[in-house]
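Undergrad: In case you want the letters, here they are:
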Amino acid sequence: MKVTQAVEIPLAEWVSSVGDHVSQGFSYFDWLTAVDQTDATDEPGFDVVVHLLDVTAPERLRSVLLRTRVPDGAAVASLTPVFHGAAWHERETHEMFGIDFAGFDDGTGLGLRPLLLPDGFEGTPLRKSFMLAARASKPWPGAKEPGEGHGEGLRSGAPSRRRVQAPGVPPPEWGPR
Amino acid sequence: MPVDLPMPRVGPLAEHAPRPIKVVLNWGRRYSLWVFNFGLACCAIEFIATSMGSHDFIRLGVIPFAPGPRQADLMVVSGTVTDKMAPAIRRLYDQMPEPKYVISFGACSNSGGPYWDSYCVTKGVDQIIPVDVYVPGCPPRPEALLQGIIRLQEKIAAESLSGAALRRKYAAHRTPSAAELSRPLLLDARHGPAGQVAR
Ligand code: SF4
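Those sequence lines, one after another, are chains A and B. Following the working numbering, the numbering of the first sequence begins with 52 at its first residue and continues without gaps. Following the working numbering, the numbering of the second sequence begins with 235 at its first residue and continues without gaps.
These are computed hints drawn from the structure, not numbers from a lab. Any given hint could turn out to be false.
Sample of chain B residues at the chain A side, in silico, Cβ under 7 Å [stated by the list, open to error]:
#	residue
1	290
2	293
3	351
4	353
When the alpha-carbon atoms are kept at most 25 Å apart in a straight line, the in silico BS3-like pairs for lysine-lysine are as follows [said to hold, decoys possible]:
#	chain 1	residue 1	chain 2	residue 2
5	B	357	A	179
6	B	334	B	403
7	A	179	B	318
Non-contacting residues of chain B with respect to chain A, defined by C-beta distances greater than 10 Å in every case (computed) [stated by the list, open to error]:
#	residue
8	287
9	303
10	318
11	324
12	326
13	334
14	352
15	388
16	389
Computed from a predicted model, the values in this text were never measured in an experiment. The beta carbon of each residue, even a glycine, is placed where N, CA and C say it ideally should be.
Please build the complete structure, drawing on both the sequences and the hints.
TA: Structure representation (structure tokens):
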């Protein structure tokens, strides 16, 4: 669905501001996730994003995207007191980005534990700094790197040697591939 | 009251049977492939399409009614294999009786496909189980699966089921113990062996 409204919220007012939106009618929790903005020039960190819907008039759904910037290493207040179901999303965001949610409570007392990753997985795979280790041991099997155009490869005949440094691609220091 | 039945096996009779009998045995096996569909993603839909009326792989002797891996001869891995799913695939493969065959259906199970770069996708199901036939495509068309099945049947027809040949095919892979086949796949966070949550 089309997001019609996006609001930036200071980190300190995260829970209270989400609560305000709930009382304004945005009482349906859609999803929560994060965006790695650690390469931003001002205020690097992670955007924690939550999408709320107002479902009182189903033929005219209103939605709002709430966003707060969390510096790397800082904790953001958990939304579980407002929406119990946010626990699933916060657990996923925690294991994928390594963001801590202060005051997280899903009723089990077990805290932020891994949800989707296999047992023993190390690292936070959705961070831009996470290395795609497969690239270090095997050459990229595709004819083209991500982002490489269609025309040039055809014209030169051989796959281009140019490497597009996408986030997560191991740098040359990782050794020959 | 459980009845104690001997394990059916391809015994020395089949091993030392004269050639015409082997041809008959192979003919019997190639046209009675009870299939176990390991459908993991979009490719599974193409597999289902192949089993339906217009493509109808039952006419090739592929029977999609195996109640589970223990009754199946052929496993078709169709879809994206993730590292978390991999132990389950290995275990269900181990549960299948020999001789058993595997068709890897689609780019994902062949090599990881469009998710090759992902942190969680296995780079090909052949990293965990031996594969007999690879069907390329994303997703392959049902006709491609029919072609793959015919390839597999040609392979079975040319096969010799002597003990030595069986060992060559499977012995490179360890034989699982009964405990491994019935162990739980996931640790319960609350009752895990460590008694506590990791991380
Ligand atoms: S190969 Fe393509 S169609 Fe098949 S499971 Fe992978 S992404 Fe889906």
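Undergrad: Decide, hint by hint, whether the structure agrees.
TA: Comparing the hints with the structure gives:
no. : hint            : verdict
1   : 290             : violated, 34 Å
2   : 293             : violated, 35 Å
3   : 351             : holds, 5 Å
4   : 353             : holds, 4 Å
5   : B:357 <-> A:179 : holds, 21 Å
6   : B:334 <-> B:403 : holds, 10 Å
7   : A:179 <-> B:318 : holds, 22 Å
8   : 287             : holds, 36 Å
9   : 303             : holds, 22 Å
10  : 318             : violated, 4 Å
11  : 324             : holds, 13 Å
12  : 326             : holds, 17 Å
13  : 334             : holds, 26 Å
14  : 352             : violated, 8 Å
15  : 388             : holds, 28 Å
16  : 389             : holds, 25 Å
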